[in-house]
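Using the sequences and the hints given, assemble the complete structure.
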Amino acid sequence: MASENIKQQNNEDYEIDTLTNDRLIKDHVYDGIRELDNDLPPWWKWLFYITIVFAVVYLIRLFVFHSDDLVQDREYANEMKNVAAAKASESTTPAAEFKVELLTDDASLAAGQETWTKICAACHLADGGGLVGPNMTDDYWIHGNTPQDLFNIVTNGIIEKGMLPYKDQLSNEKRMEVVSYILVKLHGTTPANPKEPQGEKY
Amino acid sequence: MELQKFTYDNKLSRLFLYATVFWGIIAMLVGLTIAFELIFPRMSGGIEWLVFSRLRPLHTNGAIFAFVGNGIFLAVYYSTPRLLKTPMYSKTLGCINFWGWQLVILLAAITYPLGLSQSKEYAELIWPIDVLVTIIWVVFGLNLIMTMVKRRVKHIYVAIWFYIATWVTVAVLYIVNNLQIPTSFLHSYPVYAGIQDALVQWWYGHNAVAFFLTTPILGMMYYFVPKASNRPIYSYKLSIIHFWALIFLYIWAGPHHLLYSALPDWAQALGVTFSIMLIAPSWGGMINGLLTLRGAWDKVREDPVLKMFVVGVTAYGMSTFEGPMLSLKTVNALSHFTDWTIAHVHIGTLGWNSMLNFGMIYWLAPRLFKTKLWSTKLANVHFWIATTGMLFFSIPLYFAAFTQALMWKQFTPEGYLAYPNFLETVTQILPMYYLRAFGGTLYVTGAILFIVNVWKTAAAGKFVRYEEDAAPAKQTPKHKEGIHRRLEGKPLQFTVVALIVILIGGMIEIIPMYLVKSNVPTIASVKPYTPLELEGRDIYVNEGCYLCHSQMIRPFRSEVERYGEYTKAGETVYDRPFQFGSKRTGPDLAREGVKSLPNYKPNSWHYNHMLDPQKLNAESIMPPYPWLIENDLDVSNLSSKIRVLTNLGTPYPEGYADGQALADLNAQAKEITSDLKNAGIEVESNKQIIALIAYLQRLGVDLYNGNSQTSQLSNQ
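Chain order of the listed sequences is A and B.
Every letter in the first sequence is one number past the one before it in this note's numbering, and letter 75, counting from 1, is 87.
Every letter in the second sequence is one number past the one before it in this note's numbering, and letter 304, counting from 1, is 297.
Bear in mind the hints are in silico, worked out from the structure with no lab data behind them.
We treat Cβ as the ideally placed atom computed from N, Cα and C, and that holds for glycine.
Watch out, some of these pointers could steer you wrong.
[What the hints assert, rightly or not] With a straight-line Cα cutoff of 27 Å, these simulated DSSO-like cross-link-like pairs (lysine-lysine) come out: (1) K(-2)(B) x K38(A); (2) K663(B) x K173(A); (3) K588(B) x K93(A); (4) K93(A) x K179(A); (5) K93(A) x K402(B); (6) K179(A) x K608(B); (7) K670(B) x K173(A); (8) K467(B) x K38(A); (9) K147(B) x K38(A); (10) K220(B) x K230(B); (11) K576(B) x K130(A); (12) K561(B) x K93(A); (13) K130(A) x K608(B); (14) K147(B) x K230(B); (15) K38(A) x K483(B); (16) K93(A) x K322(B); (17) K179(A) x K588(B); (18) K38(A) x K471(B); (19) K220(B) x K38(A); (20) K322(B) x K57(A); (21) K473(B) x K38(A); (22) K38(A) x K292(B); (23) K213(A) x K670(B); (24) K173(A) x K520(B); (25) K588(B) x K130(A); (26) K38(A) x K143(B); (27) K588(B) x K576(B); (28) K220(B) x K143(B); (29) K38(A) x K230(B).
[Unchecked claim] Reference listing, derived: stretches of chain B covered by chain A, where coverage requires no fewer than 3 residues with Cβ under 8 Å from a Cβ of chain A: (30) 229 to 235; (31) 252 to 262; (32) 398 to 409; (33) 587 to 593; (34) 598 to 609.
Take a look at the structure:
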């Protein structure tokens, strides 16, 4: 056995650790700390080799083959292409063709309230009293008060005044629900700190 | 062989031990405070020096540089003389090292709450303190190297290799990352901008983890584990291979903090691949630590010191497997910006760093005070509380991270974001934040037991100031040695070789980012900040907004829909420092100012929101910043700032610093003030809030101004 030979050849350089039967290197003593002469564990070596192979393959895929999943712009373009294809296959009604109709059933109004609390309340406050955006409970309206007026505002926003368009964030139905919630439920209530009236009285 | 007598002085070991214990509990208490601030956002009560964004750097820097830092010095000052059989070279240098380091910590603890920060993660200290850190670090290195020169033992032991690597690399990292031009005694701009600054910062940040939180702790492990277990090191060969592989590979891995950012693909790929190649070298350390305990496992069952070492080293192994996994782009797409990062680093700090520190001190205290540990039972209790606390801390955050990341990416069948309101994703994971705070409370409780135990041990024993030892003079080896063994006999050459090895990766990554133009493609419409926006940005930087708000939209459909067109390298060229951030506790702000995007808010919203975030969003966990409305904007430094930026290459018109800049600043402030007035808000135009609003409204705008294709994209 080759390893047996080596052991015998260098015997004087080593001692045997009695607890593990491994070889201690004789002249390695540091403040009483000894060192064993064990080889690298084979599984550890293989782990190291595999990660190196992974790295080499990875870099070749990027630098030589410019793989789609490693070139960032292309990965993004592909994701968006798939989305566009999916969107085209579905037929969502454009906002202009959507039939605006005030909803009064409890389920729609509750859904509208949920959207209101999550999104609109950030500027109009949860009770509709207004802070950054106008008060929605009083009889004064800046841009009209018909369901169609409100639907248009929520859809396209009033960007110069800070009202955002929600056509890309909320579906036609969701927007209709929240408009209905405003007109049916919120309007006419008494908020804690109402903002002063803005716009014209209707 | 004639034995030479000499004496170890334990004075500095004791001082560093006390400092480690003291700063440890402080850093943990600050951490616990900010964990609660995330649940109770109004806890800071509108007091500026208690707000999350100012305390968070105090916690991270406290844990890293004060707790772990003093622990490292303790390990080095105790073990080096014993391993080299000579006292430390200079008591004076040692004292300067100790008191200088405490001064740095004290200054950090003062400046962060005052809102003085560079806002580069773990490099937040302002420039005068950076200079002090550098001086102290050089003093430390000088003392270490001169002790090696004076040694009686021919070969340096593996623990010392790690100390050497720590010293040279931290010196290089710290100096290069902090190159900056002062504009005043308290403020400076980095010489790097935007994406280049980001690369340098994460080369530093990642390797602060590598060379401040890993290599010196491995050195600590290599001394104290065999000492405490009285067992030989498992494999000398493994020590050699994993040491060199670790320090060579680690330095390359920094870009994995910038995956899917505007960093070029090639740099990201180096970050990914070198992180994966780090698994084995890291585990080499773990194996050498754990297998050293072969034949001593019966002791591990009883001895709290060894128990802590075992959990610590195991946590190291877990963490260094998790890290490379997080570096895979597919995993990172999910994990980045979430609490996963926070959970990951705490396995490292609470598990690896703290457990090793605790174990070391439980072993050292009885020896420094020549007595038994006051209570082994209490130390065992500490061990169990700490381990449980660590799990309670991390596991909920993994849940939180998965939940939130999936919510961010979720679309409805109609193609809308399922959770367009960012806040909803925060409210969802808040229960996990409660559990985290509970885990933190457990961990701190354990640390208090630790202090009591150390205190009682010190009180019961008598401090051993001087220890006698004897060793023969340095011998020349009798027979021919292998190449590495020869290097171990030449510590100065060893240091130089280590320096060369750690320089390679950093240079290959950083230099091309400067020399190759295509890495940062210019965008014509991107213009420098106006003076008011610049002052606003400096407020944003000082307050540490980046700790919760990223400015880096990744090229994913879910992010582009939520925040707007993804961030381009060319957009960041005037950002000194860059403010990409690495955690989204709040939404990304990279395109906050773009009016056509969902995140846009009018000036009055920002005003109200800074004053009282919960008034606008009852469930918001943003703390109030009312002082921004009360405090005047200090413009005394403006011309100096403009001058420094002009020198660094920002194309302000000639002579802009003299007068015109201030006039422009005032004009823009008046505009914003009058807009606020129209919205019913009366505020003077010289308040800080005006500058901050100006900055927020500028964010991300330039790309949309210049690129019709982009504006079409977002209007679709």
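Quick rundown of the hints versus the structure:
Restraint check for K(-2)(B) and K38(A): the C-alpha separation of about 24 Å stays at or below 27 Å, so the hint holds. Of the supplied pair hints, the one linking K663(B) and K173(A) holds, its CA atoms being roughly 18 Å apart against a limit of 27 Å. For the suggested pair K588(B) and K93(A), the alpha carbons sit about 26 Å apart, so the restraint of at most 27 Å is met. For the proposed pair K93(A) and K179(A), the alpha carbon gap of about 21 Å is at most 27 Å, so the pair holds.
For the proposed pair K93(A) and K402(B), the alpha carbon gap of about 17 Å is at most 27 Å, so the pair holds. Annotation: proposed proximity of K179(A) to K608(B) holds, straight-line Cα distance about 26 Å (limit 27 Å). Straight-line distance between C-alpha atoms of K670(B) and K173(A) comes to about 13 Å, which keeps the hinted pair within the 27 Å bound. The hinted pair formed by K467(B) and K38(A) meets the criterion: a straight-line CA distance of about 17 Å does not exceed 27 Å.
Taking the CA atoms of K147(B) and K38(A), the gap is about 14 Å. The hint holds against a cut of 27 Å. Under the criterion of a C-alpha separation no larger than 27 Å, the hint pairing K220(B) with K230(B) is consistent with the structure, at around 20 Å. In summary, the hint linking K576(B) to K130(A) is supported, as the alpha carbons are separated by about 23 Å, within the 27 Å threshold. Annotation: proposed proximity of K561(B) to K93(A) holds, straight-line Cα distance about 20 Å (limit 27 Å).
The straight-line distance between the Cα atoms of K130(A) and K608(B) is roughly 14 Å, inside the 27 Å bound, and the hint therefore holds. Between the alpha carbons of K147(B) and K230(B) the distance comes to roughly 19 Å, so the proposed pair stays at or under 27 Å and holds. This hinted pair checks out: K38(A) and K483(B) have alpha carbons roughly 20 Å apart, not beyond 27 Å. With a C-alpha separation of about 20 Å, the suggested pairing of K93(A) with K322(B) holds against the 27 Å cut-off.
The straight-line distance between the Cα atoms of K179(A) and K588(B) is roughly 15 Å, inside the 27 Å bound, and the hint therefore holds. For the given pair, K38(A) sits about 13 Å from K471(B) by alpha-carbon distance, which is consistent with the 27 Å threshold. Between K220(B) and K38(A), the direct Cα distance comes to roughly 18 Å. Compliance with the 27 Å bound is thereby established for this hinted pair. This hinted pair checks out: K322(B) and K57(A) have alpha carbons roughly 25 Å apart, not beyond 27 Å.
Between K473(B) and K38(A), the direct Cα distance comes to roughly 15 Å. Compliance with the 27 Å bound is thereby established for this hinted pair. The hinted pair formed by K38(A) and K292(B) meets the criterion: a straight-line CA distance of about 25 Å does not exceed 27 Å. About 23 Å separates the Cα atoms of K213(A) and K670(B), which keeps this hinted pair within 27 Å; it holds. The suggested pairing of K173(A) with K520(B) holds, with an alpha-carbon distance near 25 Å, which does not exceed 27 Å.
The hinted pair formed by K588(B) and K130(A) meets the criterion: a straight-line CA distance of about 20 Å does not exceed 27 Å. Taken as a hint, the K38(A) and K143(B) pair is honoured in the structure, with Cα atoms around 24 Å apart against an allowance of 27 Å. Restraint check for K588(B) and K576(B): satisfied, since their Cα atoms lie roughly 24 Å apart, inside the 27 Å limit. A threshold of 27 Å between alpha carbons decides the hint, and for K220(B) with K143(B) the separation of about 24 Å falls inside it, so the pair holds.
Restraint check: the Cα-Cα separation between K38(A) and K230(B) comes to about 15 Å, which is no more than 27 Å; the hinted pair holds. Coverage of a stretch by a chain is defined here by at least three residues with a beta carbon nearer than 8 Å to that chain's beta carbons; for the segment 229 to 235 of chain B and chain A the count is 5, and the condition holds. With 5 residues having a Cβ less than 8 Å from any Cβ of chain A, the segment 252 to 262 of chain B passes the three-residue criterion, so the hint holds. Look at the segment 398 to 409 of chain B against chain A: 4 of its residues bring a Cβ nearer than 8 Å to a Cβ of that chain, three or more, so the hint holds.
Residues of the segment 587 to 593 of chain B with a Cβ under 8 Å from some Cβ of chain A number 4, which satisfies the need for three, so the listed coverage holds. With 4 residues carrying a beta carbon less than 8 Å from a beta carbon of chain A, the segment 598 to 609 of chain B meets the three-residue requirement, and the given coverage holds.
Hint compliance for this structure: every hint is met.
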